[in-house]
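Construct all of the structure, not just a fragment, from the sequences and the given hints.
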Amino acid sequence: MSEQLTADVTIDARGAGCPGPLMDLIGKVKKADSGTVFELQTSDRGSVTDVPEWVEKAGHELLETVEHDDYWSIYVEKA
Amino acid sequence: MTRIVIVGGGTGGTVLANRLVEDLDSEVEAGEVEVTLVNDSPDHVYKPTYLYVPFGKKTVEDAVRPLADLVDRRVDLEINRVVGIDTDAKTIELQDGRDRLSYDHLVLATGAKLVPDEVPGLVEGGHHFYGPDGAEELRDALAEFEGGHLVLSVVGVPHMCPAAPVEFTLMADEWFRQRGIRDEVDITYTYPIMRLHGLEPVSDWMEPRFAERDIHTETFFNAEEVDPEAGVIRSMEGEELDYDLLVAIPPHAGDDLVTGSGLGDDGWVAVDRHTLEAEHAEDVYAMGDAADVPTSKAGSVAHYEADVVADRIASEVRGQLPTATFDGKTVCFIEAGMDEATFVEFDYEHTPELRDESRPVHWAKLAYNETYWLTARGLL
Numbered sequence: 001m002s003e004q005l006t007a008d009v010t011i012d013a014r015g016a017g018c019p020g021p022l023m024d025l026i027g028k029v030k031k032a033d034s035g036t037v038f039e040l041q042t043s044d045r046g047s048v049t050d051v052p053e054w055v056e057k058a059g060h061e062l063l064e065t066v067e068h069d070d071y072w073s074i075y076v077e078k079a
Numbered sequence: 001m002t003r004i005v006i007v008g009g010g011t012g013g014t015v016l017a018n019r020l021v022e023d024l025d026s027e028v029e030a031g032e033v034e035v036t037l038v039n040d041s042p043d044h045v046y047k048p049t050y051l052y053v054p055f056g057k058k059t060v061e062d063a064v065r066p067l068a069d070l071v072d073r074r075v076d077l078e079i080n081r082v083v084g085i086d087t088d089a090k091t092i093e094l095q096d097g098r099d100r101l102s103y104d105h106l107v108l109a110t111g112a113k114l115v116p117d118e119v120p121g122l123v124e125g126g127h128h129f130y131g132p133d134g135a136e137e138l139r140d141a142l143a144e145f146e147g148g149h150l151v152l153s154v155v156g157v158p159h160m161c162p163a164a165p166v167e168f169t170l171m172a173d174e175w176f177r178q179r180g181i182r183d184e185v186d187i188t189y190t191y192p193i194m195r196l197h198g199l200e201p202v203s204d205w206m207e208p209r210f211a212e213r214d215i216h217t218e219t220f221f222n223a224e225e226v227d228p229e230a231g232v233i234r235s236m237e238g239e240e241l242d243y244d245l246l247v248a249i250p251p252h253a254g255d256d257l258v259t260g261s262g263l264g265d266d267g268w269v270a271v272d273r274h275t276l277e278a279e280h281a282e283d284v285y286a287m288g289d290a291a292d293v294p295t296s297k298a299g300s301v302a303h304y305e306a307d308v309v310a311d312r313i314a315s316e317v318r319g320q321l322p323t324a325t326f327d328g329k330t331v332c333f334i335e336a337g338m339d340e341a342t343f344v345e346f347d348y349e350h351t352p353e354l355r356d357e358s359r360p361v362h363w364a365k366l367a368y369n370e371t372y373w374l375t376a377r378g379l380l
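Chains as they are written, first to last, in this note's numbering: chain H, 1 to 79; chain P, 1 to 380.
Keep in mind that the hints were calculated from the coordinates and are not lab data.
It cannot be assumed that every hint is accurate.
[Said to hold, decoys possible] Pairwise CB distance ranges, derived in the manner of DEER restraints:
{"hint": "1", "chain 1": "P", "residue 1": "Ala-324", "chain 2": "H", "residue 2": "Thr-49", "range": "29 to 39 Å"}
{"hint": "2", "chain 1": "P", "residue 1": "Glu-239", "chain 2": "H", "residue 2": "His-68", "range": "32 to 42 Å"}
{"hint": "3", "chain 1": "P", "residue 1": "Gln-320", "chain 2": "H", "residue 2": "Arg-14", "range": "28 to 38 Å"}
{"hint": "4", "chain 1": "P", "residue 1": "Asp-183", "chain 2": "H", "residue 2": "Ala-32", "range": "35 to 45 Å"}
{"hint": "5", "chain 1": "H", "residue 1": "Asp-69", "chain 2": "P", "residue 2": "Asp-62", "range": "50 to 60 Å"}
{"hint": "6", "chain 1": "P", "residue 1": "Glu-207", "chain 2": "H", "residue 2": "Thr-6", "range": "21 to 31 Å"}
[Unchecked claim] DSS-like, lysine-lysine: derived pairs with alpha carbons at most 30 Å apart:
{"hint": "7", "chain 1": "P", "residue 1": "Lys-113", "chain 2": "H", "residue 2": "Lys-28"}
{"hint": "8", "chain 1": "P", "residue 1": "Lys-329", "chain 2": "H", "residue 2": "Lys-28"}
{"hint": "9", "chain 1": "P", "residue 1": "Lys-113", "chain 2": "H", "residue 2": "Lys-30"}
Backbone N, C-alpha and C define an ideal beta-carbon position, used for all residues, glycine too.
Dropping the structure here:
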């Protein structure tokens with residue numbers, strides 16, 4: 001659990017099923033500058049594996065995945 | 001007098017307008033309720049028709065009927081462009097003539113538009129079948145195509161009709177076989193996420209069929225730029241594909257009106273997924289492609305949503321608590337070639353189960369396309 005991580009952009013994709021959260025992230029990353037930190041909030045369990053897989057493939061950095069009571073925050077930095 | 005204003009005369013707006021004057025028949029006849037449908041064109045377009053244009057099975061004229069022929073005479077049809085919404089004053093601003101229209105209930109059914117210029121080189125280098133000009137240009141390009149690499153790239157998600165890229169790819173495969181040139185053509189299908197389609201059962205259905213028909217696939221492929229000179233499409237993930245004919249599902253966006261009025265990002269109206277009420281304004285609903293609900297941008301969704309919104313507004317007009325809700329119901333046909341099809345049906349709680357494709361379902365799809373005009377009128 002990181003207290004220091006602050007996202008430049010927060011994407012609230014809670015309630016959306018797969019692949020909504022991942023596509024929301026991809027869409028926002030596409031338009032952002034290098035170094036931008038995103039917090040993807042998702043209640044879809046599949047995102048916890050799908051998002052890191054895409055982040056690795058696309059060459060961005062997965063900073064942290066934080067589990068909350070009913071959703072996850074996945075922090076990603078654009079390369 | 002209660003004024004209900006619907007913006008957008010596509011499937012959702014047209015079905016809704018017809019349903020409302022039917023449901024509120026006595027109130028409309030008594031002059032207590034007025035239903036106004038505002039559309040920026042006198043024509044209604046049934047976009048699924050465009051899928052068949054590249055293969056010479058339909059013409060772009062087949063997709064169009066005058067809106068006036070489809071809406072009930074009790075609907076006040078206003079051909080005008082809405083240029084502003086003031087949700088505090090409860091007015092909309094029109095481009096020509098009357099400059100403002102006040103409403104008690106507003107429904108936004110403003111649809112989705114194509115924004116291919118978001119991807120550098122895509123306008124110059126790519127074809128699409130999501131509009132009349134694109135579909136005709138693609139028809140000509142396909143007719144002239146004698147062999148090489150055809151790339152079907154799903155660039156934009158969400159996009160209208162999630163089945164269409166799958167259908168186009170399978171139809172193109174068979175069309176080339178029928179013309180006797182399939183051996184001269186390589187086909188590659190790309191998709192932005194880790195599988196072939198957003199819906200896992202559809203992806204599972206696609207995989208063996210694409211493999212059988214020698215259709216190559218690239219997943220996690222988010223097109224970033226197209227180089228028309230070199231004939232190359234490059235992805236955010238660092239892949240690149242050479243193409244001789246590029247057919248792309250262009251990026252989509254909602255209406256600027258939505259973003260400008262603070263109702264949602266990227267032109268999609270933020271709504272409650274069950275009530276379809278706008279989250280950022282009172283007495284505003286959104287439906288069809290314009291609504292940011294976690295299901296498909298498909299005509300069937302707009303139709304089912306129109307039933308819900310009509311019920312809710314009719315209840316509100318009568319001073320009753322609205323109880324109708326949308327469960328995410330979606331039905332889509334999927335062409336599996338030139339003469340077989342399957343279909344999917346799902347909602348927020350249930351994922352689809354796909355049957356094997358068959359001829360009867362293909363004919364059912366064609367029959368539905370013909371009877372669509374009765375659907376728009378509210379007769380089916």
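### Query
For this structure, which hints from the list above don't hold up?
Number 6 only.
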